[in-house]
Structure formats: structure tokens, C-alpha cells
Amino acid sequence: MKNELPKWADYGLIPLMNLAVAFLVSGLVVLFVGENPIEAARLMIRGSLGYGEGIGFTLFHATNFIFTGLAVAVAFHCGLFNIGGEGQAYIGGLGAAVVALAFDRIVPWWITFPIAIAASALFGALWALIPAWLQAKRGSHVVITTIMFNFIASSLMVYLLTGLLRPQGSMAPQTRTFEAGGQIPKLDFMMDWFGLDIGGAPLNLSFLVALVAAFLVWVLIWRTRFGYELRTMGTNPTAAIYAGIPPVKTIVVTMLISGALAGMMALNPVMGEQARVELDFVAGAGFVGIAVALMGRSHPVGIVIAAILFGMLYQGGAELAFDMPNISRDMIIVIQGLVILFAGALEHMFRPTLIGFFQILSIRFSSSSKEAA
Amino acid sequence: MDLFIQLLDTTVRLSVPLLLAALAGLYSERSGIFDIGLEGKMLGGAFGAAAVASLTGSAWLGLVTGIGVAMVLAMIHAFASITARGNQIVSGVAINFIAAGLAVLLGQSWFGLGGQTPQLPNSARFTPIELPFAEALSGVPVLGPIYSDLISGHNVLVYFAFVMVPVTWWVLFRTRFGLRLRAVGENPAAVDTAGISVVWARYRALMITGVLCGVAGSYLAVAQSAGFGRDMTAGKGFIALAALIFAKWKPVNVMFAALLFGFLEALDIRFQGVEIPGIGAIPVQLMQALPYILTVVLLAGFIGKAIPPKAGGVPYVKER
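If you're matching them up, the sequences are chains W and S in order. Quick note: the first sequence uses this note's numbering, first residue 1, plus one each step. Quick note: the second sequence uses this note's numbering, first residue 1, plus one each step.
Quick caveat, the hints were computed from the structure, so don't treat them as lab data. Small disclaimer: the values here were computed from a predicted structure and weren't measured. Hints should not be assumed to be uniformly reliable.
Below, computed lysine-lysine pairings styled on DSBU-like, alpha-carbon distance capped at 35 Å [unchecked claim]:
no., chain 1, residue 1, chain 2, residue 2
1, S, Lys248, W, Lys7
2, W, Lys249, S, Lys250
3, W, Lys249, W, Lys137
4, S, Lys310, S, Lys248
5, W, Lys7, S, Lys250
6, W, Lys7, W, Lys249
7, S, Lys248, W, Lys137
8, W, Lys249, S, Lys310
9, S, Lys310, W, Lys137
10, W, Lys249, S, Lys248
Covered stretches of chain S (chain W as the covering partner; in silico rule of three or more C-beta atoms under 8 Å from a C-beta of chain W) [claimed, not checked]:
no., region
11, 63-73
12, 80-86
13, 89-97
14, 104-113
15, 251-261
Note that CB positions come from ideal geometry on N, CA and C, so glycine has one too.
Next up, chain S with everything else stripped away, as it sits in the complex (with noise of 0.2 Å):
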């Protein structure tokens, strides 16, 4: 029971990343503009976080710094793919480069430690929170464990990062704007002739897009790790996307496969090397693979269908 425990603690850890890059994509995707710059994105908001944080000692400072980060690559992507109408793939590829390549000269220009960021005090990070009660009912058989070990304990973003599932499916299904999101990435000409802006909209769902990378790369540098690290991202952020997609692109299952993924890392971590009756070990990198098979497993039409966004990829033209 303990170790279940864990297990899934460690997931919800691990997961939050995923589930923050994931619902970013969300926004950017459901829009109609491809997002393969999620990753790049993530690991600008990372090293901008871890940046700030050491310099001020403030991990709410640092939270906005990424978030800034993140929002910047976020528009140039908007310019290039909205109003530049250039390729979006292509576009993604760039800020992929630009960031990790920013991240690491301007980190060992500025710290001098081979690219990384100095480690940051406790006090210059999101440390976890008790949850009221939590020690108190930690004694209730089944419920107090889950209650006080997995739900309470986590640092702020976490608690963020959930909420916005909820949220995110409000803003998208039930305001007016979600509403007008959704249309232009399905049918871009029918929302310009009611007299909505294509363009407007769209700008707006990649703000949203950056800021929640932002606050992903940050959870990465402030709160789950103590500082920046060449690459730490990792392809997490295509992982992201390997989760937006398996989830359809739906907030709700977007939750569900990034705890999924998050899981599977949990279990790699954990099982490492560990023999299985009748299997023997499993090797780490078919479970690291695993994700991205699971996907192409999903796309190729075995477990339901992925439908994508109709005018996803396609700049928009307004007819004269």
C-alpha cells in the first residue's frame, strides 16, 4: 500500500509537466496552429525561472520571468505562423533551436558553470505544502495515507496545474471565447464572416499557450529541480504532445494521459532493472519509448481515432 503510494505520488510529480505542456498545446492546437515548440518553450521558461530565482532569491519572481520567457517564443511563433503565415512546423523547429541554444550561451555567459544555473536555497523554490488536517488524518486507514501523502505535500504548481483542467475545459466549452477558439481552428472563414478576428483569436490562444509553458518550465527549474540544466526538458515537451494527442484533444483526457505517461516514468524509475517472473527485465528504454509507441499506436487507428483540429497547420488568408 505504501509503495502504491509512492508510486503514484512520484506520478503526480512527474506528470505535472506533462499536463501543463500538454494543455498549453491544447490551446495553440484547438486554434488551429500546430505547436511542435512546446518543448523549446518550456526550456526557455526553465532557464529564464532559474535565472531570476538565484538572482533575486524569489521563486514567485522567477515563476514570472519564465513565464515571460515562454510568452515571448510564444508570439514569435504567433508572428511568424499567424501573421507572417509561414510554416508552423517549421516555426516550432526554430524555437526549439533558438531556446536551447539561448539557454545554455547566455547561462554560461552570465554563471559561467558550463550552462547550468547555480543551485538554488530552498527558500528560492516552491516548496511543498501541508494540507490543512493532513497530519491529523494521516491515522485514517486508506483515505488518511492518500489523503496526507498523495493529495497534500505538493508544492504550488502542482495544485495549479490540476485546477487548470477544470478550468481549461470551462473556458473552452462553456465562454464565448472558447467558443470562438475552437471555431477558428475548425473553420477559420466562418468566424471571419460573422466578424470575429481570425487573427485576434488566435494571438490569444498563444498567450495562453506560453504562459502555461512558462509556469511548466518553471515547475521544472524551481519547484521539482533546484536550478537550470543543459537540456533538462529533456523531450518532455514532445511528450506533451504525444499526450495531447492521445488524449484527442480533450482537456479532461489530456489529465488523464499525461498521469498515464507520467505513470509509466514512475514505474521506470522505480522498477529499474527489477526482474519480472516470467518476462525478466524489462529493458529502461522500452519503457522510455513506450509514450511515443503508445501514440503512434493510437494515430494509427487501433485504439479509436485521433481527429485533429480541421484547419490546424494552415495560415489564414481573409478573402478581399
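For reference, chain W alone in the conformation it holds in the complex (with noise of 0.2 Å):
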């Protein structure tokens, strides 16, 4: 017997064991500050899915974790820990902004949209490419790096938004306004097909592009050359150089794509819901995006899963701050650690016991076919 799981249970059983001891913590919680677990859990799952706006803020939240799911999961096939997706998308808000302010009077939204994703794209991406460079050529640990990123962008974004883009006579930090040029559609008709309505929820078309982009993702990672080059170097990075994998360019590119999806995640929130370019728009999406990752074991199908999870933690969240005085939306931070800690962090806790008990249950079932016969 090999020390190794069936399939189903290592990459469903696992992540639902961690999961279930995370929502099990989160409920000592609960019950700590004197409110009632289950009811909690009620009100959540109600607040997300009970109804069409609900669903729409569900969705429209994991369109933010789907972007910066991938955008990790990119990078940790080729064994690169991106943890810079909160100033890729940050600085990809930057591009979708330059675009929206320039366009949004002039041409309809889907001629800006395409544009904006692009320039979303290419700002995160450029904001990925100094860490990714300094990985590759100078071997500078591309974590550090990218934290140190963040920051660089975090204060870049406030000297922006704070003097160049801040329109005059305004004193709040963000961009104006966008036009209708500069916005995108709500998906509104799309929930009407499921008989939903979608009330005010900002679910939009960046829900179907972050879709599409979970598409291209496993196009690109089990479908391609360049994936298999980039899972080779992740998986070995000595047999890929050996085999004639260019290493400088394998890790610049993965990190360029990677910080490109990242980059994507800011049209959701910039010219979905906003209409414009606040300070701290990403509020965490990007450290949202490595739970996502862990848990759908960085397979696109996995990540929507999750993100979509995550979605309806943020939303019912949002619900429980609302029906419960004892909690407040802080709470959704503390799952969110409790998740990020125990399917990401001990995802191996249970990994042995498992192993044993399967190997037990395999020595149970050969001896008792043995008798059989």
C-alpha cells in the first residue's frame, strides 16, 4: 500500500474535512461573543442564496476572487508564490480607470470594455514584472518582493487619486465619475432567464469575462507548450533546465500572466460597481485569492468553486453584521483566516490519519475476500 489517498478523497474529502473544521472554529466564535451558531449559519446562507440580489452580491464577489484565484494558482504551478495580487489589482485598477476617464464620453462600453480589460491586464501584469525579473535573473525571493509591491503600490495609488486624478473642487480621494461609456453592464437579463431578480446588486459582465478567463487558464496550463514548460519548472526546476526549459523566461512570463489576471479583477469592482477608482477598492481580494487557490487546488473548476464559497461568506456576512448586533462584518475576516489556515496552512493535518485509516479499510477488505474465496 502507497502512502497516497484515492483521487476523490484528496481533492474533495481534504478540503471538505479543512473546511468543516474552519466553519466548526468559526462557530466557537460565534458562540463566544454570545450569539447563536446555527442561527448564524442560517442567516448567511440565507442572505447569500435565499434571493435574487442576494445571489447577485454572491456572484459579484467571487468575480473578484475568481480573478485573483487565478492569478495565484498561475503562478504556484510553476512553484511561485505570488502573494502581490492586492497591488497587481490595485494598479490594474489604474490602467481600467485611464482608459474609462478617456473613453467614456466618446464611444459606448463595448468599445471601452475590451480596451479596459487589456489595460487592466497590461497595468497588473507591468506591476508583476519587477518582482518577477528579480526572481529570475537575481534569485530575490519573489514573496518579499511582491509584499513589498503592495505597499509600493498602496502609496502610489493614494498620491494619485489624492493629487492627479482627484478632479477638481472634489476633496475625496477617487476619480470622478465614469460616464455610461465607462461602465458595464449589469447582468440583470441573465438572472431574468432563472426568474431572479437581480434588485441592486452590482453582478456584471466581468462575472462571464472572469468565466472565460478560468477557461483560458486551463487551456493555457494543461493545453499548451508553455504550460507544460511551466509546470515542469514548478515541478522540477532542475529537470526543466535541464531539458532545455529557458528558466528567466518560463518565470517572467508566468509572473507577467499572473499579475495580468490579477490586474483583471479590478474591472468588477472599478467599472462594475463604482464607477470609479476609490482608495482601497481591492479591500483584501488579492489575499482572498491564495485561500481560493488552496482550496480548489489551483484547478480553474476548483477556483470557481471556491470563489463562489467565498462569495457567499462575503455576502451573508454582510447579512449576519445586519441581523446580528454582536457581530460585526469583521467576522468574515476571521473565517476567512480560520479557512486560509486550516485548508491552506494544515491542509496536512488530517492527511495521515486519513492515510491510515484507508489503509486500514484496504486490509479489512483484502482479508475479507480472501475468506471469500
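Reconstruct the complex from the two isolated chains, following the hints.
This is how it looks when you write it as C-alpha cells:
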């Protein structure tokens, strides 16, 4: 018997068990602040899935996490840890804003939108370029450099939003509101097909862009030559180099794709919701991407599922904070942290036990089948 | 001269949390455990310290609690990265989230002030200590003001932080414990072969990390300010991480890096919006980003080379 689990246990059972423990501990926290955890869970599920507007918000949040989750996953496959999704998305917002501000008064949205997609991807990718290059050429740890770049991005955006991008006469640190030509249409018609009313939920076309991006990432990683090189580099760099795969190019291009995906996340809040760039609009989505990629086992299908789960958490958590006075929105951050801890850092915690369990099971099974024979 | 001393005085105050957190990270990373959760541990410590100080009215009980909270978070990190052999970066991210969320959630639930803790009276804080003869010597030219204004008149945690620099140097480079700690960070297999427990050495290193982060957090909440506020660490844990790398993982360098980054912050506060002839006003944001930019430049290899401990980030699996 090898020290391995059946695939369904590895990809299904372990994430579910980890998630269950994370929610159990979250329940204890709810209990600790004096509320009923079962009631809280019911409120969260109803708030996120119970009606059209709730579903709209859930998918709106999920859109952000699909992009940032894909960004982390692509880098993961190459053995790189891009923790800079936060900053790349922030700068991606700058790209989207530049396009929207330039075109929103001249052309309709369907001309602005594709250009904005390209610009946000380009800006996000450029923000990943220096850490990528330093990792590939100088061996500086990409984790550290991307953390530093998150903070540099934050300072840069504060500088721009309080200065250059702020309309004259306004005190608020944000750009002017984009006209219709710079806004992405809502997906209310799609919700209508299912007989749901989207209400005020800002679910928009960028959700579909996110799904397309997920498909393209699947194609890239498992169906292209570059994807093969990228995975080889991630699994065994020495073998990859020996096989003639160019390390610098592979690392840099992977990080650029990762940064581009993170950058595109900005489309959703900037052009789909607020119709302007506000301070800190990324609001941690870059870090949630890490959890999403881990839970989704870095596979696009898993990432979409995990992103929707986190979307539920965000929307349900907001409803929860509204209905339970003792619980603030910070509960979402706690649950998020616990999910990252149990599904990410402690992902191997149950593995040995589970392997032992399966071994016992298989020994029993083989001995009983012998008796039968 | 007065202005200069004031500037240095502010520098000292601002660099203390950076120094403590960077030293905390030094123990962890030298033992081979990456720690990007310094921020979370500091924040947790700050909340614990402020909450207990406001409930009991004692700064010391606050300090003990702050250390306790940071220690618990450090042990979660230790369990995840040493025992469960999980990803150390992911664990650090998780700790930052948990601390940031829990502190405000519990703060709101206990005190109902939007996540803040009540304003602490001076009796529940660490207040400045006058060193002997500070008053008498203040008249002496040059050295007088330096002694009475710059060296004297800080709270006890400031002195603790600076005392920890030579202590850390001595522990790491002159004791058996320190030798083993550095060895598990460079080549754990060799340490294991010598019959020394890698796991125990790393756990002990992370305990020290917890204590120092707790002191750093307590300093923020019950010495520098009078209470806890949402996100009060404001990225200091990451600047400390930058300082640690900038110092190339060496204790005395860590002090100078922390002082440098503290000095940049002090300059920023002091000269905000002041026009410099020929250049114009330097944007506040540039000053705030400077520690990170400097660290990236260092990492790029333009100012010497920063080589991290060899076994950093890799969980140790004992050979069987």
C-alpha cells in the first residue's frame, strides 16, 4: 500500500474536512461573542443564496476572487508564490481608470470594455514584472518583493488619487464618476432567465469575463506547450532546465500572466460597481485569492467553486452583521483567516490519519475477500 | 540643534516597534521559519494588552496579556509550519487575517466602541522614566541635551527594545542555544544527525518571536498610544520584515535598519508638505513607500547581497 489517498479523497474529502473544521471553529467564535452559531449559519446561507439580490452580490464578490484565485494558481503551478495580487489588482484599476476616463464620453461601453480589459491586464502584469525579473535573474524571493510592491502600489495609488486623478474642486480621494461609456452593464437579463430579480446587486459582465479567463487558464496550463514548461519548472526546476526549458523566460512570463489576471480583477469593482476608482477598492481580494487557489487545488473548476463559496461568505457575512448586533463585518475576516489556516497551512493535518484509515480499510477489505475465496 | 534632537527623539519612539518586531522575525527566520505574520502577532498583542490594561488598570498585566496573545498566535504558526509541515507563507497570511478580524470583533463585542478599546488613563500606561541626573545635566552643552532629551525620558519598553539588541547578538552567537538555532536554519539534517531535536529548537525560537511581538504590540497600545484602534499596526509588521531583510538577518544591523526606517517616518511627520529648495515638496506617500523601495533595491543586489537562511521556508522531514 502506497502512502497515497484515492483521488476523490485528495481533491474532495480533504478540502471538505478542512473547511468543516474552519467553520466549526468559526462557530465557536460566534458562540463566544454570545450568539447562536446555527442561527448565524442559517442567516448567512439565506442572505447569500436565498433571493435574487443576494445571489447577485454573491456572484459579484465571487468575480473578484475568481480573478485573484487564478492569478495565485498560475504562479503556483510554476512553483512561485505571488502574494502581490493585492497590489497588482490596485494598479490594474489604474489601467482600467485611464481607459474609462479617456473614452467614457466619446464611445459606447462595448468599445471601452475590451480596451479596459487589456489595459487592466497590462498594468497588473507590469506591476508583477520587477518582482518576476528579480526572482528569475537575481534570485530575490518573489514573496518578499511582491509584499513590498503591495505597499508601494498602495502609496502610489494614494498619491495619484489625492492628486492627479482627483477632479478639481473635489475633496474625496477618488476619480470622477465614469459616464455610461465607462461602465460595464449589469447581468440583470441573465438573472431574469432564472426568474430572479437582481435588485441593487452590482453583478456585471465581468463575471462572464472571469469564467472565460478560468477556461483560458485551463487551456494554458494543461493544453499548451508553455503550460507544460511552466508545470515542469514548478515540479522540478533542475529537470526543466536540463530539458532545455528557459528558466528566466518561463518565470517572467508566468508572473506576467499572474499579474495580468490579478489586474483584471479591478474591472469588476471599478467599472462594474462604483464607476470610479476609490481608495483601497481591492479590500483584501488579493489575499483571498490565496485561499481560493488553495481550496480549489489550483484547478480552474475548483477555483470557481471556491470563489463562489467565498462570495457567499462575503455576502452572507454582510447580512449577518446586519441582523446580529454582536457580530460585526469583521467576522468575515475571521472566517477567512480560519479557512486559510485550516484549508491552507494545515492542509496536511488530517492526511496521515486519513491514509491510516484507508490502509486499515483496504487490509480489512482484502482479507475478507480472501476468506470469501 | 533642538530640532535635530527632537527629530532623533521621535525616531527612537517610532523605531521601537519596528526593532522589536524585526528582532522577533530574526529569531524565527534564523531558525528556518519564514514569518510574514509579524503584523498579525503585533496587532493581536496590542489588542490583548489594551483590553486587559483597560479592564485592570495595570499596564504590566496588559503587557503580560499582550505577550500571551502573541505567543498563542506564534504557537499556531509553529504548529502549522513545524509539526503539520504546512506552507509557512500561507500560515502567516492566515494569522494576519485572524488577528485583524478577531481583535475588532471581540473589541466591538466587549467594549462596543466600534472595535476600539477605551482610552487608557496614564496610570494604566507605560509612562516616561527620568534617568538619574537628567535634570542636572541638561545644562551641559551638546552632551546634556542628548542625555536628558534623547536618552532619558522614554518608557521602560523602549529601553527593553534596545537592550534586546546586544542580548540577541549574545544569544545567537555566543550560546549553545543560539548555535543550534542558527544551525537548524541552515542545515537541519546536520543538526538532527548530531542528535539534537530540530523541532524543539524551532519551537523555542518561535516562542521568543511570540514574546517579542507581544512586547511590540503592547508598546503600540499601552505606551505609545492609550488604547487599541482598528488596524493600529498599519503595516509596521511588514516594515519590520523589510528592516530584517535590509539588515541581512543580523541583530546589530537590525537596530540600524529599524532606526533608519523610523527616521524616515519621523522626517515624514516633521517635514510634511515643507518645500525643499530646488526640489519642491516631497510627497508624503514617497516617504512612506521608501522603506519598501529601499528593501527591493537591496534585494536586487545593488547594495550588497541579502542571503536568507538556507533552510528558510522548508518544513523539516526527519529521515526514517
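Going through the hints against the structure:
Among the hinted pairs, Lys248 of chain S with Lys7 of chain W is inconsistent with the structure: their alpha-carbon atoms are about 43 Å apart, more than 35 Å. Annotation: proposed proximity of Lys249 of chain W to Lys250 of chain S holds, straight-line Cα distance about 34 Å (limit 35 Å). With a CA separation close to 10 Å, the supplied pair Lys249 of chain W and Lys137 of chain W stays within the 35 Å bound. The suggested pairing of Lys310 of chain S with Lys248 of chain S holds, with an alpha-carbon distance near 13 Å, which does not exceed 35 Å.
For the proposed pair Lys7 of chain W and Lys250 of chain S, the alpha carbon gap of about 46 Å is over 35 Å, so the pair is violated. About 33 Å separates the Cα atoms of Lys7 of chain W and Lys249 of chain W, which keeps this hinted pair within 35 Å; it holds. The suggested pairing of Lys248 of chain S with Lys137 of chain W holds, with an alpha-carbon distance near 19 Å, which does not exceed 35 Å. Our distance criterion of 35 Å between C-alpha atoms is met by Lys249 of chain W and Lys310 of chain S, whose separation comes to about 25 Å.
Distance check on the hinted pair: Lys310 of chain S and Lys137 of chain W sit about 18 Å apart at the alpha-carbon level, within 35 Å; holds. Annotation: proposed proximity of Lys249 of chain W to Lys248 of chain S holds, straight-line Cα distance about 28 Å (limit 35 Å). Coverage of the region 63-73 of chain S by chain W is violated. Counting CB-CB distances below 8 Å, 0 residues qualify, and the rule asks for three or more. Counting residues of the region 80-86 of chain S whose beta-carbon sits less than 8 Å from any beta-carbon of chain W gives 5, enough to reach three: the coverage restraint holds.
Given a C-beta distance limit of less than 8 Å, the hint that chain W covers the region 89-97 of chain S holds, as 8 residues qualify and 3 suffice. Taking a C-beta to C-beta cut-off of 8 Å, the region 104-113 of chain S contributes 5 residues in contact with chain W, enough for the three needed, and the coverage statement holds. Chain W is given as covering the region 251-261 of chain S, and this is violated because 0 residues of the stretch bring a CB closer than 8 Å to a CB of that chain, at least three being needed.
The structure fails hints 1, 5, 11, 15 (numbered hints given earlier, in ascending order).
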